[in-house]
Amino acid sequence: MPKGLMLQKAEKIVRKTAIVWVLLVLAVGMALFSPRFISPANLLLIAKQSTITGILAVGMTIVIITGGIDLSVGAVIAFSSVISAMFGGLAVQNMPIIISLLVGIAGGLFFGLFNGVGISYLNIPSFIMTLATMMISRGLARILSNGKPVFGLSESFLKFANDFFLGIPSLVVFFSIVFILGAIILNKTILGSRIYAIGGNEVGARLSGVNTKRIKLFAYTISGLLAGFCGVLMTSRISSGNSIVGEGYELNAIAAAVIGGTSMSGGVGTIWGAVVGSLIIGVLQNGLDFMGVSPFYQGVIQGFIIIAAVLLDQNTKGKKGS
1 MPKGLMLQKA
11 EKIVRKTAIV
21 WVLLVLAVGM
31 ALFSPRFISP
41 ANLLLIAKQS
51 TITGILAVGM
61 TIVIITGGID
71 LSVGAVIAFS
81 SVISAMFGGL
91 AVQNMPIIIS
101 LLVGIAGGLF
111 FGLFNGVGIS
121 YLNIPSFIMT
131 LATMMISRGL
141 ARILSNGKPV
151 FGLSESFLKF
161 ANDFFLGIPS
171 LVVFFSIVFI
181 LGAIILNKTI
191 LGSRIYAIGG
201 NEVGARLSGV
211 NTKRIKLFAY
221 TISGLLAGFC
231 GVLMTSRISS
241 GNSIVGEGYE
251 LNAIAAAVIG
261 GTSMSGGVGT
271 IWGAVVGSLI
281 IGVLQNGLDF
291 MGVSPFYQGV
301 IQGFIIIAAV
311 LLDQNTKGKK
321 GS
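Note that this note's numbering has the sequence shown beginning at 1, numbered continuously upward.
The set of hints was computed from the structure by calculation and includes no laboratory data.
By construction, the Cβ of each residue, glycine as well, lies at the ideal position given by its N, Cα and C atoms.
Hints are supplied without guarantee of correctness; some may be wrong.
Computed spacing ranges between beta-carbons, pair by pair [unchecked claim]:
id	residue 1	residue 2	range
1	Pro149	Asn211	25 to 31 Å
2	Leu102	Thr212	41 to 47 Å
3	Ile244	Val173	33 to 39 Å
4	Leu102	Asp163	16 to 22 Å
Capping the alpha-carbon separation at 30 Å, the derived lysine-lysine pairs in DSS-like fashion look like this [stated by the list, open to error]:
id	residue 1	residue 2
5	Lys159	Lys148
6	Lys148	Lys213
7	Lys188	Lys48
8	Lys48	Lys213
9	Lys213	Lys188
Turn these sequences into a full structure, and let the hints guide you.
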C-alpha cells in the first residue's frame with residue numbers, strides 16, 4: 001500500500017476516534033492527579049453518574065440531527081419524577097410497580113408529543129416550543145408536589161435503578177440498551193437515513209417524498225420518552241419524587257451531543273459520539289470533585305469545553321468544504 005494512502009487512512013481513523021482519545025487523555029490526567037480516580041469503585045460511580053446524561057444525549061442527538069433543539073428534557077424529568085413517585089407510593093398499597101413506571105414514562109412521552117406537534121405541525125421554532133414546555137412541565141411538577149419531595153415509594157420501585165443484573169448496575173444496563181437501540185435506529189433503518197436527510201436539507205428531503213413532519217414528531221417524541229424514563233430512574237435512585245430534579249440536565253445532554261461531534265446546524269452526529277461525550281462530562285465532573293474544584297467553577301470549565309467543541313466542529317466542516 002502506498003505510503004500516502006496509508007497516511008490518509010491513518011488520519012481518517014484518528015479523526016473518527018478523536019473524541020475517544022480526548023476521553024482517554026482526560027482520564028489519564030485525572031488519574032495522575034489522584035490514583036483513587038481509577039479505582040474500580042470510582043470508575044463504576046462515573047458510569048452510573050453518566051447514565052442520565054447519556055440517555056438524554058441519545059434523544060438530544062436525534063433531535064439536533066434534524067436541525068432542532070430540546071430545552072425541556074430537564075423539566076420533563078422533574079414532572080415524570082413527581083408523577084411516578086405519586087403512583088410509586090400507591091404501589092405500596094398493592095398497585096403493580098409496572099404502573100408506576102409506565103406513568104412516569106408516559107408523562108415524558110406526552111410532553112415529547114406536545115413538542116413534536118407544536119414544532120412539526122404548528123411551525124413553532126423548536127427553541128421557543130421546548131422553552132415553553134420546560135416552563136409548563138416544571139410548573140406542573142411543582143403544583144402536583146406542592147413544591148415538596150414525594151416519599152413513600154415501594155421497595156420494588158426503589159430497587160429499579162439501584163439493583164444489579166449479572167453483576168452490572170441496572171443503570172448501566174439501561175444506558176447500554178438505549179445506546180444500542182439509538183444506534184440501530186440511526187444507522188440501520190430508513191427512518192435513521194431520513195432523520196439525517198432532514199437535518200442536511202429539509203426542503204430537499206420534503207421534495208424527495210420524505211414526510212418531514214412525522215420524522216420530526218418522532219424525534220421529539222423519543223426525546224420526551226427518554227426524559228420520562230430518566231425521571232423514573234432518578235426517582236428510584238434518590239428514593240423520592242422531586243420537582244427540582246433535572247435542573248441543568250438539558251444543558252448536559254446538549255453538551256454531550258456537541259462534544260461527541262453532533263453539529264448544531266443538523267445533519268451530522270452519532271449516538272456513540274454522544275455516549276462518549278456524556279462520559280467525558282462524567283469524568284470531568286468526577287475528576288474536578290477529586291480536585292476540590294467548586295461546582296461554580298466546574299460550570300465555567302464545562303462552558304468553555306462546549307465552546308471549544310463547537311469551534312472544532314466548525315473548523316472541521318470548513319476543512320471538508322475547502
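The hints, checked one at a time:
Checked against the hint of 25 to 31 Å, the C-beta distance between proline 149 and asparagine 211 comes to roughly 43 Å, which is inconsistent with it. Hint check: leucine 102 to threonine 212, Cβ distance near 30 Å, so the stated range 41 to 47 Å is violated. Distance hint for isoleucine 244 and valine 173: a CB-CB separation of about 27 Å, inconsistent with the stated range 33 to 39 Å. In this structure, leucine 102 and aspartate 163 meet the distance hint of 16 to 22 Å, their C-beta atoms being roughly 18 Å apart.
A threshold of 30 Å between alpha carbons decides the hint, and for lysine 159 with lysine 148 the separation of about 22 Å falls inside it, so the pair holds. Restraint check: the Cα-Cα separation between lysine 148 and lysine 213 comes to about 39 Å, which exceeds 30 Å; the hinted pair is violated. A threshold of 30 Å between alpha carbons decides the hint, and for lysine 188 with lysine 48 the separation of about 28 Å falls inside it, so the pair holds. Taken as a hint, the lysine 48 and lysine 213 pair is broken in the structure, with Cα atoms around 35 Å apart against an allowance of 30 Å.
Using a Cα cut-off of 30 Å, the hinted pair lysine 213 and lysine 188 holds, with the two alpha carbons roughly 21 Å apart.
Of the hints listed earlier, those the structure fails to meet are numbers 1, 2, 3, 6 and 8, in rising order.
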